[in-house]
Each structure stands twice: as C-alpha cells, then as structure tokens.
Amino acid sequence: MSTIQTIAGENEQHPDVALVERARAGDVSAYDTLVRKYDRQVFRIAQHITQNREDAEDVMQDAFLKAYEKLEQFQGNSKFYTWLVRIAVNESLMRLRKRRTGKMVSIDEDVETDEGSVPRDLADWSPDPEQNYNQSELAEILRKTIQGLPQGFRIVFVLRDVEGLSTEETAETLGLSIPAVKSRLLRARLQLRERLSRYFRRKKGDEK
Amino acid sequence: MTCSEFIALLDDLIDDSVSPEIRADLQNHLQGCEHCEVTLNTTRKTIEIYRSHEIYDLPSNLRERLHAAIMARCKKGC
Numbered sequence: 001m002s003t004i005q006t007i008a009g010e011n012e013q014h015p016d017v018a019l020v021e022r023a024r025a026g027d028v029s030a031y032d033t034l035v036r037k038y039d040r041q042v043f044r045i046a047q048h049i050t051q052n053r054e055d056a057e058d059v060m061q062d063a064f065l066k067a068y069e070k071l072e073q074f075q076g077n078s079k080f081y082t083w084l085v086r087i088a089v090n091e092s093l094m095r096l097r098k099r100r101t102g103k104m105v106s107i108d109e110d111v112e113t114d115e116g117s118v119p120r121d122l123a124d125w126s127p128d129p130e131q132n133y134n135q136s137e138l139a140e141i142l143r144k145t146i147q148g149l150p151q152g153f154r155i156v157f158v159l160r161d162v163e164g165l166s167t168e169e170t171a172e173t174l175g176l177s178i179p180a181v182k183s184r185l186l187r188a189r190l191q192l193r194e195r196l197s198r199y200f201r202r203k204k205g206d207e208k
Numbered sequence: 001m002t003c004s005e006f007i008a009l010l011d012d013l014i015d016d017s018v019s020p021e022i023r024a025d026l027q028n029h030l031q032g033c034e035h036c037e038v039t040l041n042t043t044r045k046t047i048e049i050y051r052s053h054e055i056y057d058l059p060s061n062l063r064e065r066l067h068a069a070i071m072a073r074c075k076k077g078c
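If you're matching them up, the sequences are chains R and V in order. Residue numbers are given in the working numbering: position 160 of the first sequence equals residue 160, and the series is strictly consecutive. Residue numbers are given in the working numbering: position 66 of the second sequence equals residue 66, and the series is strictly consecutive.
Note that these hints are calculated values from the structure, not bench results. There may be inaccurate statements among the hints.
[What the hints assert, rightly or not] The list that follows gives simulated cross-link-like pairs (lysine to aspartate or glutamate, DMTMM-like), each with its CA atoms no further than 25 Å apart:
1. Lys-66/R / Glu-54/R
2. Lys-182/R / Glu-64/V
3. Lys-75/V / Glu-54/R
4. Lys-144/R / Asp-57/V
5. Lys-45/V / Glu-140/R
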C-alpha cells in the first residue's frame, strides 16, 4: 500500500517537494496546486487567530503571496505545509497587531489558570451529544467555545489537534518549547471539555 | 496513582505515547475512578468533535475569488 500519508522515510520525498521545485522554476500551475491543497487550512488558522473573516481573507492572500516570494528560502528540511503554516500564523498575528494598535499580541505569554488541574465537573455527556443540535447550532457552539480560550492555548490546540501538526512541529511553528506546547495543549483540551459540558452533558432521561 | 497524576498523563494517553507499564497504571486507576474515566472520554470526544466539524467554512465563491487574486499576483511575479 501507499505510504504517502505516513511520515516519509529518510530517503522518501514528500510529493510537495516536487511541486515546490517546479514552482521555483517558474511553473505557476505547480504553485496553483499547492494553493488549492492548503487554502482551507490557511483560511481556518487565520480565522482562529484573528477571529475576523475579512482579516482571514487578507491573511490567506498575504500568506500565499509571501510564501511564493520566499519560495527560494524554503529549505526542504521541514515540510512545505509546516513552513506555510508558520507564515500564516505570523501574518495572522501581524494583522491582529494592526487591528489592536498599541496593544501587544503575543502567543508566548503564559496564562495563569487553574483549569489545567483535575476537573471539578463530573458530568458525563450524552452518547452522541452533537446530535442534539443542527449543523449551524453546533458550529456556533464550537466557535463560541473555542473563541473563549486564551489565544496562546487556542493556537496550540488548533495546530496540534485540528490541523494535525506534531508537538515538535507546533513548537517550531510558534517558537515555543516542547514542554510549553504540551502544557498548553493539556490545558486547552481540558478547558474546551469543561466548556462544552455545558451543552453536551447528559440530561435526565438520557439512555445510558 | 492519584487523579492529579492521571490528569498530568492524560494527553500522553490520548496521543498514545505512553509506555506499556504506564498504560497499565493508568488503566488500573481508571477502573476505580469514574471521575477520570469521564474526563478521558469527554476530552477524547472534544478533540474528535473539533476535528470532524468545519467551523470556519470557506465557501466556494470566496475560495475562487481569493484563489484568482493570489494567482494573478503570482503570475505578475507578486
């Protein structure tokens, strides 16, 4: 079976590498393929960070244009996708800084919270809790809940759990240490769980 | 194993990066602790829900518009 989706062996080349090489040589259609492959992810990451649709549209364009300009600098020792995500995160943070002039926006500030400790809430959830809501209600609940997380936790959760980066890639992308990524991920997951319990907890009469 | 020790290893358990010995300790704790069992199951579910639902959709007309703008600039050399 194909091993494309597994972590490529040392000598195995990721399919993006050939596309990047073609794009560098002036083949715009190869870059077109890369844009189509990753545009949804870039847009999603930008939305999660900026929490603003227009900003996310601008970030998506700027990130892909910047990546195109800097294609010569792409070393190939990291994945193109991880490299692109780093550009998208930086563009998103820059956009936030512009919007909140004077106010520092940083993902490396640590947030004091006790929500990473043993949860107090013991409520179990309904068997398929998302079925109690229609698609748009559910999307709204998920958006509202994740938007309430501190920025530094939210970005780690999105990169690691939603976009599928490894702990090491997330650390590299955000310029954080691996222990910092792990600590934020645990707190992000527990806080989201606790907040979602409000909507998904088992109600009286639910079947076990 | 206490609940705090269990929670400290929760991510490693979810991400399947624990040694067989630690896994056995965690399983052992789970058998006697409903609190941690609920926490584990609902945390797993939290991740699964966020993975499987698109909360920031990119509609196809917007996607095409952004795509056209990007490629037009790339063709001009940015």
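*Keeping to a limit of 25 Å between CA atoms, is the pair of Lys-45/V and Glu-140/R held or broken?*
holds (17 Å)
_For Lys-66/R and Glu-54/R, compute the direct alpha-carbon distance and say whether it is at most 25 Å._
Within the cut-off at roughly 18 Å; holds.
*asked:* So if I understand the rule, the pair passes when the alpha-carbon distance is 25 Å or less; does Lys-75/V with Glu-54/R pass?
replied: holds (24 Å)
*Taken at face value, is the distance from the CA of Glu-64/V to the CA of Lys-182/R at most 25 Å?*
Distance ~37 Å between Lys-182/R and Glu-64/V Cα, so the pair is violated.
*asked:* Checking one constraint from the list: CA of Lys-144/R to CA of Asp-57/V, max 25 Å. Satisfied?
replied: holds (15 Å)
Violated hint: 2 only; the structure is consistent with all others.
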